[in-house]
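Participant: Order-wise, the sequence lines are chains A and B. In this text, residue positions in the first sequence follow this note's numbering: the first is 1, and each later residue adds one. In this text, residue positions in the second sequence follow this note's numbering: the first is 80, and each later residue adds one.
Quick caveat, the hints were computed from the structure, so don't treat them as lab data. In this text, all values refer to a predicted model and were calculated from it rather than measured experimentally.
Facing chain A, a subset of chain B residues (Cβ under 8 Å, in silico): (1) T238; (2) M416; (3) R445; (4) Y492; (5) G595.
Where is the CB? At the ideal position from N, CA and C, for every residue including glycine.
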Amino acid sequence: MVRLWGSLAEFAAGHHEVEVIATNLRELLDGLATAHPALKPQLERGVSVSIDGRIYNDTWATPINETSEVVLLSRLVGG
Amino acid sequence: MTKVEYTPREFKVVGTRPLRPDGIDKVTGRARYGADISAPGMLVGMVLRSPHAHARIKSIDTSAAEALPGVKAVVTRADFTHQPEDNATADILDNCMAGEKVLYDGHAVAAVAATSRNAAIAAVAAIKVDYDVLPHVMDVDDAMKLGAPVLLKGRKQETVPAEMSDNVLTRNQYGHGDPEEGFKQADLIIERTFKTAATHQGYIEPHACLATLGADGQGDMWVCTQGHYMVRNTCAAILGLDAGRLRVTASEIGGGFGGKTTVFLEPTALVLSRKSGRPVKMTMTRDEVFRASGPTASTSIDIKIGMTKDGKITAATGDYRYQNGAYEAMNGTLGAMTGFAPYDLEHVRTTGWDVVTNRPKAAAYRAPGAPMAAFAVESVIDELAGELGLDPIDVRLKNAAREGTRAAYGPTYPAIGLEATLEAAKAHPHWSAPLGKNQGRGVACGFWFNFGGDTCVSLMINPDGTVSLSEGNPDIGGSRASMSMMAAEELGVPMEQVRTIVADTASLGQNEVTDGSRVTFAVGLATIKAARHAIEIMKERAAMTWGIDVDAVEWVDGAAQPAGPNAGKFPPMSIGEIAAIAANTGGPIAGHHEVNAEGAGVSFGTHIADTEVDPETGAVKILRYTVFQDAGKAVHPSYVEGQFQGGAVQGIGWALNEEYVYGEDGRLQNPGFLDYRIPVASDLPMIDPVILEIPNPGHPYGVRGVGETGIVPPLATVANAVSRAAGIRLTSLPMSPPKVLAALKGG
Chain A
1 MVRLWGSLAE FAAGHHEVEV IATNLRELLD GLATAHPALK PQLERGVSVS
51 IDGRIYNDTW ATPINETSEV VLLSRLVGG
Chain B
80 MTKVEYTPRE FKVVGTRPLR PDGIDKVTGR ARYGADISAP GMLVGMVLRS
130 PHAHARIKSI DTSAAEALPG VKAVVTRADF THQPEDNATA DILDNCMAGE
180 KVLYDGHAVA AVAATSRNAA IAAVAAIKVD YDVLPHVMDV DDAMKLGAPV
230 LLKGRKQETV PAEMSDNVLT RNQYGHGDPE EGFKQADLII ERTFKTAATH
280 QGYIEPHACL ATLGADGQGD MWVCTQGHYM VRNTCAAILG LDAGRLRVTA
330 SEIGGGFGGK TTVFLEPTAL VLSRKSGRPV KMTMTRDEVF RASGPTASTS
380 IDIKIGMTKD GKITAATGDY RYQNGAYEAM NGTLGAMTGF APYDLEHVRT
430 TGWDVVTNRP KAAAYRAPGA PMAAFAVESV IDELAGELGL DPIDVRLKNA
480 AREGTRAAYG PTYPAIGLEA TLEAAKAHPH WSAPLGKNQG RGVACGFWFN
530 FGGDTCVSLM INPDGTVSLS EGNPDIGGSR ASMSMMAAEE LGVPMEQVRT
580 IVADTASLGQ NEVTDGSRVT FAVGLATIKA ARHAIEIMKE RAAMTWGIDV
630 DAVEWVDGAA QPAGPNAGKF PPMSIGEIAA IAANTGGPIA GHHEVNAEGA
680 GVSFGTHIAD TEVDPETGAV KILRYTVFQD AGKAVHPSYV EGQFQGGAVQ
730 GIGWALNEEY VYGEDGRLQN PGFLDYRIPV ASDLPMIDPV ILEIPNPGHP
780 YGVRGVGETG IVPPLATVAN AVSRAAGIRL TSLPMSPPKV LAALKGG
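Next up, chain A with everything else stripped away, as it sits in the complex (with noise of 0.2 Å):
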């Protein structure tokens, strides 16, 4: 189950939780594009993903298993 950010729920049928089968990153990503279709501007322009609590923008091997919490992020810049 991937949690969306507020705004993004518009473009996935009104859904905060959508249901991806993924075992790692890039099959999370891959799989939210593929079934909600009107999220890809927003991932084409890129997103940060919380995995348990932790941040991860880019390395698609990070693993994902049935019980981690996934949650799609803006993706995130610092100073």
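Once you've looked at the hints, dock chain B against the given chain A.
Facilitator: Just chain B, lined up with the frame of chain A:
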């Protein structure tokens, strides 16, 4: 499923306070900053900037400038012939050199390269630009209105309602629960609107670079930057160059704070060099730094919080409207994510708006977007605590996020250190010290994410046993010291035996910018892994020398030794002894590590300030200031304290004095340190830093970033202190004397 890297251990080097290795170079003038390097035949580059906040460029006539003696090249946007592939890079190009329109006072429209500064000044003056001046908009709330002058059409993202102005680029909403239901459970609800002004990072060293680019597409740059790999990649993308043919070396850096995480002069310097066939040095004046390099966003924020009589927050909402200057940035989004992050809330909803205006493009500034959000949220919490007669630290403790809390921006927190900072603040003598007349005490919390990212480290064991360590991140906060310390810790040698340098872009793989409080975490992790790699090689060499299996060798206190009596009786071999015979045992010894170091731990801080308000002038004096922040593990505590102190001081300036002042004509009125007032040492007490160490499981030593969180609480901390001293809630920054005086008089 997070990989746990942390293992508790006793440290010998980490946690001590050795002399800083960059200190002597800096105090003797030996350190070479951006403008300190020259090349044979070098030209002086200079930029012509727009005097208008918003105008269409009808024509640019450079013929008179080109005819002047000593002028070797004049360039305009027409000389940037490559079209970047993505919008973000195209925006960076447009910010470096205007295309069809100028979008702010100071926007570059042309540049020259000449044999002397005087010739360059004359050439800039000889360029004729015909403008069609357009209406401008400077304020975020004005820019969001339908009918406001529009900077760029068609850039609105799909999340922005169609009926809103094209200046509104993004809308991002976060939260959970049902705030309307939560507000029904509150005994007291306070709703306020807050304003903060745009401020500049205020780094001492202006932007500077030296560029050489040949017609063959091969070039070199020397740049004052927070990320020379970013400079290489961005310039290559803008100019259509092969990144591998452009080598960039980072100079020593006189401050960045996020403001040097993009390019301003560098693509132009390369184009001038290519056109003139000569090296070109460009250096911004202070006026240019203020007018044309990134300040932070100015904001307009609505916060509503409901609380029970005993201090429990029942619901919270926030509307964060940030203007980011002329191009897209995400400060408002980050404000919406961070403002309520310190609290465990059942019902919360936040909306972040990112808006463009006719101001220079906002650059990152230490925890971008977060300080303004914290100012608004922490002010309302303070006011609620005051109205309900509750201790403001107790209220924060009652609502504090902890392990298992679902953050307002979505994820569930792992182990975090907010409560520890609040408990430390409550127990500190500062919190209970007496106050005098016209004095007030404020407290506030702050949050920042912290990042990791692409990182490469190479660690060479020299023939004499000394160690050369190369990293790819400009040192803006003591990273050369902390990398040397972590390498020394791992290798078991004195820190002085390790010298760390910042290598150029041709010497290591890709490195992310020095930002996001990432370097001590990510480069430190890579340094430790590179040292472990070198140790494995040295153990192999010792095993070969002794004729035993490598599994029978262990590394103890900087030497290989047999791992137990069955391995044989051999005296330990030190690094120096192993290095001395490296040619006989297989050749040079080096360790390296390349990683995308993701999974950095989030960070929290709590600040306390005492202020005194002069009722006759409205002037505010900071009497005492204490910072409590979780560092995970402080590698070099003096540098960590310096980060805490620096963040607090920049936040105090933001709270009390700093602001971009624009005239009706959209031109910046105070582009210099005489009129843009940053705090100086005589304005401030010693900032008292208290380091807490709650280990980050994602780092072998428990390190977490400390560079940004320190600027998040001070705006609110000072505002709460001033509001309590003045007896009236201050909601607009900066709290400059005229504004405070007007508030005191009920104006």
